[in-house]
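Participant: Make the complex out of the two chains shown on their own, each in a separate frame, by following the hints.
Each chain, written out:
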Amino acid sequence: MSAKLSVNGLGKRFATAKGHVDALADISFNVAEGEFLAIVGASGCGKSTLLRIIAGLEPWTRGEVLVDHRPIRGPDRDRAMVFQDYSLYPWLSVLDNIRFSARLRAHSRGISNIPADAEQRAQLLLQLMGLNLVGHAYPHQLSGGMRQRVAIARALLGKPAVLLMDEPFGALDAQTREVMHDLILHVAALERRTILFVTHDVEEAVYLADRVIVLAPGPGHIDSIWDIDLPPALSRTQELKRSAGFMAMESRILERIRATSSLHSDKSLLCALTN
Amino acid sequence: MHLRRLGPTMWTIRGPLSRRRYASIAVASFVLWLAAWWSATTLQLVDPLFLPSPGAVVRRFVSWLTEGDLLRDAGISCFRVVAGFLTSVILAVPLGLVIGSYRPVRAFFEPLLEFARYLPAVAFVPLVLLWTGIGEASKITVIWIGTFFQMVIMLSDDVARVPQPQVEAARTLGATGREVMLRVLLRSAMPAMFDTMRITLGWAWTYLVVAELVAADSGLGYAILKAQRFLQTDRIFVGIIVIGLIGLGSDQVLRWVHRRVFPWAGARTA
Chain A
1 MSAKLSVNGL GKRFATAKGH VDALADISFN VAEGEFLAIV GASGCGKSTL LRIIAGLEPW
61 TRGEVLVDHR PIRGPDRDRA MVFQDYSLYP WLSVLDNIRF SARLRAHSRG ISNIPADAEQ
121 RAQLLLQLMG LNLVGHAYPH QLSGGMRQRV AIARALLGKP AVLLMDEPFG ALDAQTREVM
181 HDLILHVAAL ERRTILFVTH DVEEAVYLAD RVIVLAPGPG HIDSIWDIDL PPALSRTQEL
241 KRSAGFMAME SRILERIRAT SSLHSDKSLL CALTN
Chain B
1 MHLRRLGPTM WTIRGPLSRR RYASIAVASF VLWLAAWWSA TTLQLVDPLF LPSPGAVVRR
61 FVSWLTEGDL LRDAGISCFR VVAGFLTSVI LAVPLGLVIG SYRPVRAFFE PLLEFARYLP
121 AVAFVPLVLL WTGIGEASKI TVIWIGTFFQ MVIMLSDDVA RVPQPQVEAA RTLGATGREV
181 MLRVLLRSAM PAMFDTMRIT LGWAWTYLVV AELVAADSGL GYAILKAQRF LQTDRIFVGI
241 IVIGLIGLGS DQVLRWVHRR VFPWAGARTA
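As they're listed, the protein sequences go chains A and B.
Heads up: the first sequence at position 229 corresponds to 229 in the numbering used here, and the numbers run straight through without jumps.
Heads up: the second sequence at position 133 corresponds to 133 in the numbering used here, and the numbers run straight through without jumps.
Next up, chain B with everything else stripped away, as it sits in the complex (with noise of 0.2 angstroms):
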């Protein structure tokens, strides 16, 4: 049977869409980005200097897994990624929720870490390359730079956000300051600073190709600046891809540990 639709239809401002409409979109958005590409190249219409062909960055791919390094290069990035923003995750989460607890401290580091987060961290490469030369330490300490400041004021936001009448039907349970912290406001705010860690993860991406591309003999960075040396389009291509595809993959994972770990955190209403 024909089921007559009436009222809002999918183009009405935040209106319905099934899912199964939403995966077409998403599908045909993917196909069709594809497609210009392909006919780009194989028309012509562009120097392939500049845009190489997707089988060119396929065929670059396959090459550079199987006779290169790529998975050395990548494994070194992820492992600079991982360091650099573990370092973060590990000063950030207990400053944060002491900020998002107590107004002194908040009133304490709020102005600080507001100038420090505007300092471009981009900009701190030479300055750290001075500081701990071109070492690992280089590459981890600029995915800090830019990524610590950031999610400080983020967590304590977190942890500022959670409802006020659980914190204080705690402290007329008998709670003290010290639990309220850690068995409230921590446990509380605890899926919204992993959110908040999910999001950061993906700008020490940003960083990591910055660092690498200034001092690094290794990682995906240096590969495409390597690649750009020798005007090695679909190489560049395939570093860029990898890093989307593995920043992609990681956030998916992290979406899934967070509904796992947290099945209750779907509605914030109780």
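This is chain A alone, in the form it adopts within the complex (with noise of 0.2 angstroms):
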């Protein structure tokens, strides 16, 4: 398979009044058309940054990020980008939300509506992220779910090259989490989209991911590569996470983070001042 990201020796470094930090260094990885690939890392590891700057959200200082072998500039369509929280337009509709990347194009355009097969595709990222009874609501009258369906489904409109998302459900109930997961998993399947996925939450990232690296911090790099050998996306369900093969991935993972982390209480400490 070809590579749809190709991220090459990406560094980036800032200038301190004592000298040179390095938020990330030497960073390579591929990303496969239609994979899903999480990063996960210890908090501080720079996996957000990471994903801005393969956004063209944030400046590097090393190294080459590449979508369909092209090098990247700035932010682009073709990298589109869900947020956590705090990114729909109030004053617009949930439809009109949606519509927003076909607008601008419209606009740019000297055209005021937007062409059929765009507004086709509109109605069909409503019905396909359940939202077909809200096209009409504003954002503010939405639960934090809704609001991420329809961050989804405006990211999803202009067919991006990669699906940039970074924790988009890092602010929902675990509930409501649970029923984006499996969402996600058939919106990815069904649209053949490549994802780049940030989170802290491991399981989310075993249950959604084909591939998870790990990021460790001091300065941000590449632990490891993992591969996630679990049945296709469409048959997998929550019951899963609760499978041996699972949990071993996962604490497989979070052992690494563990060990990576330059967060840790002393044990002895703590034991000695409750005793």
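Everything labelled a hint here was simulated from the structure, so no lab data went into it.
Keep in mind it's a predicted model, so treat the numbers as computed, not measured.
Any given hint could turn out to be false.
Unchecked claim - Listed next, with one range per pair, are the computed distances between beta-carbon atoms: (1) A:His-107 with B:Gly-15: 25 to 35 angstroms; (2) A:Leu-133 with B:Ser-18: 26 to 36 angstroms; (3) B:Ser-18 with A:Ala-189: 51 to 61 angstroms.
To be verified - Chain A regions said to be covered by chain B (calculated; three or more residues, Cβ under 8 angstroms): (4) 151-159; (5) 205-211; (6) 217-229.
The C-beta atom is built at its ideal place from N, Cα and C for all residues, glycine as well.
Facilitator: Put into structure tokens, the structure is as follows:
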């Protein structure tokens, strides 16, 4: 399979008063077409920064990012991003939020209405994301889970080469998150979209992804890459999360994150204090 | 059935208060002040030269309205406020938008504006008279000086407060810088900008009165000054109260417009 997205020797260095600090160093990986790749890691490892660089939202200092073998320069519609929250346009209805990118393109060509195929796709996504009943509602009338469905539909409208998701379910409660997991698996399979997904929730990463990258801090680098050997997306159910194979995989990845994390509490001190 | 209420009362900090109770307390406060005013004058606790009775003020209001030119004075004052205020709006909205959008523009203007807004607008009156003479332009210019600098800073903050994900989502959906500014930042900040304008409109009245006290031959501020010369305290009261009522009225109208035009702005969480 050809690489839809290639990250080659990517680095990000800050200049500070005391010299240089490396936020990310020498990060290289490929994402195949149609692949679902999750990035996990201890807090402060730079996983969000990495995603934002790929989105073109943040400057970097070394290496390159290729989408369809072409180096990226800034943000563009081939790398639509889903954020954790606060990204919907509160003055637009659900449908108009989904149509946003098509509207932009139509306006830049001097047309006031979006083309028929884009309108058709907006309606399809509305249905696919289970939003048909709230198409004319406004974001503030929706629950957090419904809002994220709108944000995903909006990002999918322009058929991005890579869909970038930055902790998209981080602000949702556990039950809503489970529903969203099954939804995104089906949408990913149906749309055959290439997805790069950042999360701190290892269970989520293992359940959703074909491969999981563990990023380690100080400076941010790839610690390990895990192939997730699970049944195909459409036959996964929530019960899978309780299976032995799943839990073993999850705990091995968690172990790596713990080993690379700089956050530790002094167990012996805590024990001494509580006794 | 009598409901026993447990837990926080209305005297708890940020405790619950029904709309009805709020309304009755508000009315009570108004009645109380009016009663205090009325009894102070009826019992002749104060010289009517200092504090005219409510009745005298009402009578003066009626006679000024029917025999005098209260409407003309109020009209010319409203015109000056609206003209000065709109001049500020027309210049401040684009400037505030650009300052709130581009950091270098903010760096260029912000220190300047922060300095300018501490320049007392009132002290500019003699200078403005020197520059523009005693015509309408002088009054409008004083109001402009008093509102413009504050307004630009507040509007640019409204733009800067638009949630960053709204901006970044637009960029990953293919929006150019110009499109982000006009289709996201301006649209998203509009309710807050409208509120900023509503608040600054109140200040415009302050500067109007200052301008009219110094150089005018018409308007409510001028009428107040003239009444002082003739020791017509009741007329001063009418002038002040009329300005207050116009301010209150326009504020309520703008609040209503805000609710109608930006129904989505109630909850800024999406």
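Participant: For each hint, tell me whether it holds in the structure or not.
Facilitator: Results for each hint:
no. : hint                                        : result
1   : A:His-107 with B:Gly-15: 25 to 35 angstroms : violated, 50 angstroms
2   : A:Leu-133 with B:Ser-18: 26 to 36 angstroms : holds, 34 angstroms
3   : B:Ser-18 with A:Ala-189: 51 to 61 angstroms : holds, 53 angstroms
4   : 151-159                                     : holds (count 4)
5   : 205-211                                     : violated (count 0)
6   : 217-229                                     : violated (count 0)
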